[in-house]
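J.: This is what each chain is made of:
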Amino acid sequence: MLDEVDLEVRSGEFVALVGPSGSGKSTLLNLVSGIDLPDGGRVEVGGTDLTALSERDRTLFRRRHLGFVFQFFNLVPTLTVEENLLLPLELKGRSGARERERVRDLLAVVGLGGRGDTFPDRLSGGEQQRVALARGLVHEPLLLLADEPTGNLDRETGVRVLDLLTNLLEMEGRTLLVATHADDVAARAHRVLRLEEGRLRSAT
Amino acid sequence: MSKLLLRAGLRHLKRQPAQAALAVLGIALGVAVILAIDLAVESSREALRASVAVVGGEATHRVEGGAGGVPSDLVAVLRSTSGVIASAPVVEGFGGASILPGRALRILGIDPLSEGAVRPWSGERQAGLSMVRLLSEERAVVVGSDLAHEVGLESGGSLLVRVGSGVEELHVQGVLQPAGGLARAGLRDLLVMDVSTAQKLLGRFGVVDRIDLVVGGEDPEATIARIRQLLPDGLRLDDAGAREGEMEAMIRSFDLNLTALGLLALLFGAFLIYNTMTFSVVQRRRTLGTLRAVGATRGEVLRTILTEAVLLGAVGTALGLMLGAILGRGLVRLVTRTIQDLYFVVSVEGVVLAPSALAKAAVFGIVVTLLATLPAAWEAISSPPRAALGRSFLEEKARGSAGRLARVGGLLFVAGLVVLLVPTQEVAPAFVGLFLLVLGMAAFAPSVLVLLARPITWAGRRTGGLLGAMAARGVVASLSRTGPAMASLVVAVAVTLGLAMMVSSFRGSVERWLHVTLSSDIYVSVPSTVAARPQGELPPEVVRALADAPRVTAVHLTRSVELLAPSGEVRVLAVGGSSDRSSRYDLVSGRREAADRVLAGGEGVLVSEPLAFRRDLAPGGDLVLLTPEGERAFPVVGVFRDYGSDRGVAVLPRSEYMRQWGDSAVTSMGIELEAGLGVEEGLSLLRGRLPDGAGVTLRSNLELRRATLAVFDRTFRITSVLQALVFLVAFVGVLSAMMALQLDRAREIGVLRATGLTPREVWRMVTVQTGIMGVLAGVLAVPVGVMMGLVMIYVVNRRSFGWGMEPALGGDVVASGVFLAIAGALLAGLYPSWKMSRTPPSEALRDE
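Protein chains in written order, with the working numbering: chain A, 1 to 204; chain B, 1001 to 1848.
Quick caveat, the hints were computed from the structure, so don't treat them as lab data. Among the hints, a few may not be true.
[What the hints assert, rightly or not] Keeping only pairs whose Cα atoms sit at most 20 angstroms apart, straight-line, the calculated EDC-like set for lysine to aspartate or glutamate is: (1) B:1014 with A:117; (2) A:92 with B:1300; (3) B:1003 with A:44; (4) B:1014 with A:121.
[Said to hold, decoys possible] Residues from chain A that face chain B, not an exhaustive set, calculated with beta carbons under 7 angstroms: (5) 9; (6) 56; (7) 59; (8) 62; (9) 68; (10) 74; (11) 76; (12) 79; (13) 82; (14) 90; (15) 94.
Even for Gly, the Cβ is constructed at its ideal location relative to N, Cα and C.
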């Protein structure tokens, strides 16, 4: 799927991966997150070589240092909005009053201050993706991975979510690697990389 | 474990209340059946123990003499033997009271002066009255407080007791108020009287039934050896505990048969849990993928799923324990009645809620729940941490695993056959083998579905067009749901069919046996409250009067006694009459001429199948019995079919029995009437010949046959009840699978509805689908059921009771099995199909 990919993302950088369907964008994100392992080579995040870790250690690394945003939001339907945000913190072993406050603050930032007790199925697509953004960043990850974050939203909502994403990144000083088809997403990135038939080319 | 993960899991269950409720119901029913059987069996055993404890008391040994009894004067001899701490004579029998119809009362004749050390409950301090009062008056009796309370008896009152052909009025000298609960329970149906009163009542003049001994001293072994030397031939010294063990052993197979049915119910309960938990995981595959993506480890996901299961299991188990206690009360009556019909008198007051039984059922419930959840939990932790995992992937996996499952099924089947072929008389391996066979065959169900995919789809298209083809394809396409549901239905129907085949074969054999055995026109016996034990004697003047009656062409006399043998008691029928032939016996081995010679008074015995099976007897072997002159070997000349007792009987010529045991009494007689004389006419003719107040029962051949079949049907009533419960659990399982399917396919149905399918068409499609499953399950269940029936006939029944029988498989049994499968599947599909047809397309098409 991927062939001789050599990629380095600096801390605080916003990198967009573009390319046609089936070019390997999602595969690259899965490799970076440690969900999948490459046949050869190394994947290093924040100085940790993921390829040298066991499945369990990769999972623990993911819970501590990575955040995810998906095309179909993938909120846990049986947890409230606030609980969905608390989940990564609790998995990290942090579930005190300070964490609750951070969750509430973050919800206020994404414009869902009063919706903490709501279940995801009561929210619109845009609102759900805003919760997903907050969940991806709530535990202060080294790297946020996003797979088509606006792919399932109408244009106007997509723009709003994107504004929010870039603001949050700046505010929190996080690194973002996003796979997208959307030009407006790529346009905001510091660097755009193009994947074609498994090979990586720099677009900008 | 993360609280949020657990909360998410529990909320999922809460959002699918019907699924969760069905799983809870499944496990509750499984636990309830297990507990109810355990309670019923334990309660009857407890009653047996109480009765043995009260009647046997502290005795360490007993001297018995079989039918001839023990001479009364031996008591004094034994009492003066050094090392014998106490010796007490006992006369024991059964009677009935008109105020307690249908209930057998145990008559216990004791010597009040030598009792204290043997039966502590009879001591004044324990009993609340002095037993010496029994000596103060003739026909004096004391009763337990429970019995007195039940029939309103008090000291000074009287009780009419029927024993054999006579009725006696007994005078109540006191009411026993024993201190312990065990003694109270054991005294419930006991009439305690002086030995001499009991001897008169039971016609045991000069003899007692046994002498209870308390052997102690410095060297009990030497004392025992001394006693053995003192005993005349024909008497035996036994360990007192052996009797209880013998009685418990008698009902062991019966208990095991019930327990096997209970386990089957739990197996179906496990299927329900498996179904619910698998479905719950499958439904959450995207969520679980997300959780894994955000960093939940496999261990955390596993613990969440297992905790959910434990909670479901705990609720189900708690409900099951309550249900089981209620069900147990009903079952205990059926169990006691059957034990009384087949084995011995036992009186159960109520269900004993034994903590061990409750704990066992609770542990079963939770453990089975956890085991049933393991496949789902495995699936949950092996889900890749991705957001989307297509359903098609799951179905492909199911289709792939169908082949593997069939291979595992093949292995289970072979293992089952091997277990069944191991030569042993134990029943437990037979059930293990049977379970393996059935599970093995059920594991083929998904593969059969895959194999039949094309023909079913073709048939569906031919009969129902595109919708029919879709319905048919759906059965195979949703194999992860339909496979287990069908396997469960196959097993439930096969169990029903197998049991029905066994019972109908059994009944047919019993009818044939009755036809062969009951060849006389009229039967005469003493009214009995106890079906299992030969009892009473026909007064000699009655025997004479009836034998000499006009228009009687032949009489058959039977003396039914329990005789001692080196390895426990043997029931012996000493038969003789004017025209005894071996044609009255359905010989399964041995030569008819040899049997005829024995019945004409020659040397030898005929033994029934159960006796031959239990004591490993066959023509050419010997049956050793203890005669008053010592042990004697009787050559076995034939084995005959007999369903009268699962302990077995031996048939001796009456002349030989009278010569050896000196007993000329008659227990029952069969009378053949002159050709052309109607039975009713014959009955009134014979009744007219009876002396006044003879107190005997005359029954026509037909009446006796009906009464025997009534006992048979009563014995299998408990099987029917459990069978119905097993089917109910399986039905709930199919219902749950169909509901899972409905939720699974909501989107597909939504698309169909949006495309223009009417609710009615959706309903029809889903109903056709469940119908296909029913037909396939029914067809598959026939060979599985027949195989089960054969194993039950040739292995389980043989090892449990020693009975052989001709297998019979009626078309009606097969048809009702197939019908049951189809009806069960259609009924279980009714609600889900209705729900599916009502699904608003908009809701079904929503993505999240």
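J.: Now tell me if each hint is right for this structure.
T.: Verification of the hints:
1. B:1014 with A:117: 17 angstroms, holds
2. A:92 with B:1300: Measuring from Cα to Cα gives roughly 13 angstroms; hence the hint holds.
3. B:1003 with A:44: With Cα atoms ~32 angstroms apart, residue 1003 (chain B) and residue 44 (chain A) exceed 20 angstroms; violated.
4. B:1014 with A:121: The given pair, whose Cα atoms are some 16 angstroms apart, holds under the 20 angstroms limit.
5. 9: Since the shortest Cβ distance to chain B is 19 angstroms, the answer is violated.
6. 56: Status holds, d = 6 angstroms.
7. 59: 5 angstroms, holds
8. 62: 5 angstroms, holds
9. 68: For residue 68 (chain A), the interface hint holds, since the closest Cβ of chain B sits about 5 angstroms away, which is under 7 angstroms.
10. 74: With Cβ-Cβ at 4 angstroms, under 7 angstroms, it holds.
11. 76: 5 angstroms, holds
12. 79: 5 angstroms, holds
13. 82: 10 angstroms, violated
14. 90: Holds, because the Cβ-Cβ distance from residue 90 (chain A) to chain B comes to roughly 5 angstroms (cut-off 7 angstroms).
15. 94: 12 angstroms, violated
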